[in-house]
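Read in order, the letters of the sequence shown correspond to residues 111 to 778 in the working numbering.
Hints were generated in silico from the structure; no laboratory data involved.
Where a beta carbon is used, it is the ideal one built from N, C-alpha and C, also for glycine.
It cannot be assumed that every hint is accurate.
Estimated spans, in silico, between C-beta atoms of each pair [claimed, not checked]:
{"#": "1", "residue 1": "Glu413", "residue 2": "Tyr662", "range": "38 to 44 Å"}
{"#": "2", "residue 1": "His402", "residue 2": "Asn142", "range": "45 to 51 Å"}
{"#": "3", "residue 1": "Gln774", "residue 2": "Thr529", "range": "18 to 24 Å"}
Derived DSS-like pairs: lysine-lysine, alpha-carbon spacing no greater than 25 Å straight-line [to be verified]:
{"#": "4", "residue 1": "Lys712", "residue 2": "Lys654"}
{"#": "5", "residue 1": "Lys498", "residue 2": "Lys396"}
{"#": "6", "residue 1": "Lys712", "residue 2": "Lys478"}
{"#": "7", "residue 1": "Lys411", "residue 2": "Lys323"}
{"#": "8", "residue 1": "Lys269", "residue 2": "Lys225"}
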Amino acid sequence: MSRTQKIIMWSTLGLLAIPILCIVFLLTFDWNRARPWINERVSDATGRVFEIRGDLNLDWKRAAEEDGWHAWIPWPRPSASDIVLSNPDWARTGPQMVTLKQVAFSINPWPLLAKKVVLHELDVDGLALGLERTTDGKNNWTFKKNDDEPSAWAVEFGKLVIRQAALRYLDPNIKLDLKATAQTLNDNNPKGYGLQFTAGGSYNNAPITGGGKTGGILSLKEKGTVFPVQANVHIGKNIIGVEGNVTQPTAVTAIDLHLTLAGPSMANLYPLTGVLLPDTPPYATKGHLIGHLNADGSNWKYEKFTGKVGESDLAGTLEYIVQKPRPLLRGEMVSNQLRLEDLGAVVKADSNAEKKNRDAKAVQPDAKALPVEQFTTDKWDALDADVKFTGRKIVRDAALPIDDLVTEIHMKDKVLTLTPLNFGVAGGNLTSNITLNGQSNVIQAQIKTAARHLKIKQLFPTLESMQASLGEVNADASLSGTGNSIAAMVGSANGEVKGAVTEGSVSKFILEAAGLNVPNAVFAKLFGDKQVQLNCLAADFDVKSGLMQTEYFVMDTDDAVVVVDGTINLSTEAMNLDVRPKTKGLRIISLRSPLYVKGTFKNPDIGLYKGALVAKAGGAIALGVLAPLAAVVPLINPGRTEAIDCAKLLADYREKPKAPPPGQKKVD
């Protein structure tokens with residue numbers, strides 16, 4: 111063998127010996143000697159105290175993730191026990207952010223050249239993890255040497271397998287203190303669940319209890335990875351259930367879950383979801399929750415949900431869009447059977463007993479009819495809203511002729527509008543446009559209402575004597591007021607209320623009973639009712655600072671004229687009205703006398719002015735002593751009342767009522 115050949119041979123053997131010696135070294139080296147060096151380097155890279163206190167070992171595994179010649183290079187797979195990573199000084203979750211009983215993982219060696227640690231098949235057991243966010247935006251999972259200099263090294267995770275773990279997440283910004291434990295399940299799970307967890311702690315000072323299951327092997331890198339989730343959690347009195355999938359859990363881009371919600375009031379969902387919903391009776395819903403998240407925001411859709419609110423059914427789709435300056439809630443809800451009582455809580459008009467059922471304070475005085483419970487506007491700037499609600503059939507008391515409801519609810523910059531709010535009433539429509547401005551401490555309210563083609567006989571469905579009545583009621587109102595309750599808004603109202611009844615017919619019995627024509631009233635009851643032609647009815651109330659004053663209230667028929675005069679105090683709910691019926695024709699044995707309407711909305715007092723009736727009866731008795739036939743004279747109505755100019759009354763009615771801006775008094 112020549113000298114040159116010997117040099118080549120020994121050089122080749124030397125080159126081959128180097129990797130062999132390296133492999134022998136790696137396989138036989140006691141890696142526990144490297145712990146101080148590793149602890150120091152990791153501590154320096156993270157800016158935290160890092161320690162491997164137990165054994166450190168190194169195995170080798172061929173990389174199935176690689177292609178080509180890279181696949182022939184085995185990846186190191188270190189394992190270690192008893193590991194700790196400290197928290198920053200400000201953390202309240204404890205001295206250690208991470209403690210691990212055992213960990214093993216594979217390292218892709220190639221990204222190390224770019225100061226990037228890529229960990230694959232991270233297998234952990236006995237994990238205790240404390241995560242925390244502060245009110246000023248800091249968190250303990252962002253690693254820095256100091257407040258100004260980020261770490262030069264980056265860490266990226268691949269697949270994660272958790273055997274047993276405990277988690278605490280503390281976030282005072284949302285008042286969340288979540289504590290959870292997890293452990294692996296057996297492999298016989300058809301839906302791919304690998305972890306079972308329990309949850310505790312508190313959210314917005316409400317206790318959290320519950321648990322569920324998730325996927326066991328979590329891909330934290332690959333796009334399109336589907337991670338199964340199932341959970342049932344109680345937060346306060348709200349019950350939340352989810353089942354479905356999360357796509358790419360570390361950078362969530364899509365959520366597809368079946369969601370169930372239940373609780374004493376939908377308003378209680380605000381601290382959980384940030385969505386402002388009204389007070390309601392107890393509710394329960396189930397539907398499909400779809401979430402799409404990106405760098406610019408997120409879009410959540412509660413799709414095709416069904417459920418009940420009180421005794422009313424509810425269905426629809428709501429979409430929650432995260433945007434600036436406020437999130438937007440939009441969608442449509444439908445109730446096929448809407449119980450009118452279930453709307454009471456929405457407008458703060460439910461009874462004290464119903465308030466108790468939804469954990470609200472009983473505030474309604476027994477003597478008050480108008481609701482005094484206040485609206486709170488401090489959360490009205492939490493979101494904007496565009497939601498349409500339809501109540502196709504209203505379940506109500508037989509005496510209330512309300513058939514259906516359609517409204518569009520809009521919230522923008524703390525201004526709530528219902529435009530329109532439409533009720534089907536008595537064969538006609540009651541259309542309102544309502545604005546509640548909550549930008550100041552006291553709500554400024556405006557309402558414009560138009561009642562059209564309300565049938566008289568349907569307005570009084572329980573009065574047999576009105577079922578043959580014809581004619582329609584039309585009315586308009588324009589009011590403004592201030593206050594944080596319906597009672598306060600109405601009690602401070604300014605504006606005008608007008609109404610009219612078109613030409614038709616009404617029950618003669620009703621008119622005769624109002625005039626106390628005793629023989630005709632008895633005759634009608636015994637032998638049936640007759641109809642009286644209604645020429646017109648028109649009314650106009652001027653409203654100033656909550657006091658309604660009759661400008662005119664006149665009803666003209668072929669037989670009688672009825673005039674109403676007086677005031678209604680909307681603040682005190684006191685009524686002081688005179689009802690003066692005057693017959694046009696001759697009536698014998700008529701005890702006709704003016705009526706009064708006094709008392710309050712809750713306790714009305716309707717009766718006769720006894721002075722006039724006693725005087726008439728007394729005159730009859732006195733004449734009866736002198737001459738029995740003369741006793742009839744005081745009970746005879748000569749019938750000289752003139753007809754009303756209906757054309758002028760109805761022309762006045764057609765002038766639309768007006769109201770000043772909220773907070774300003776009406777000027778004549």
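Status of each hint after checking the structure:
The hinted window of 38 to 44 Å between glutamate 413 and tyrosine 662 is violated, with their beta carbons roughly 55 Å apart. Between histidine 402 and asparagine 142 the beta carbons are some 49 Å apart, a value that agrees with the proposed interval 45 to 51 Å. For the hinted restraint 18 to 24 Å between glutamine 774 and threonine 529, the CB-CB distance of approximately 22 Å keeps it satisfied. As the CA atoms of lysine 712 and lysine 654 are separated by approximately 22 Å, the hinted pair is consistent with the 25 Å bound.
Pair hint lysine 498 plus lysine 396 holds up; C-alpha atoms about 19 Å apart against a cutoff of 25 Å. Pair hint lysine 712 plus lysine 478 holds up; C-alpha atoms about 6 Å apart against a cutoff of 25 Å. A threshold of 25 Å between alpha carbons decides the hint, and for lysine 411 with lysine 323 the separation of about 23 Å falls inside it, so the pair holds. Pair hint lysine 269 plus lysine 225 holds up; C-alpha atoms about 20 Å apart against a cutoff of 25 Å.
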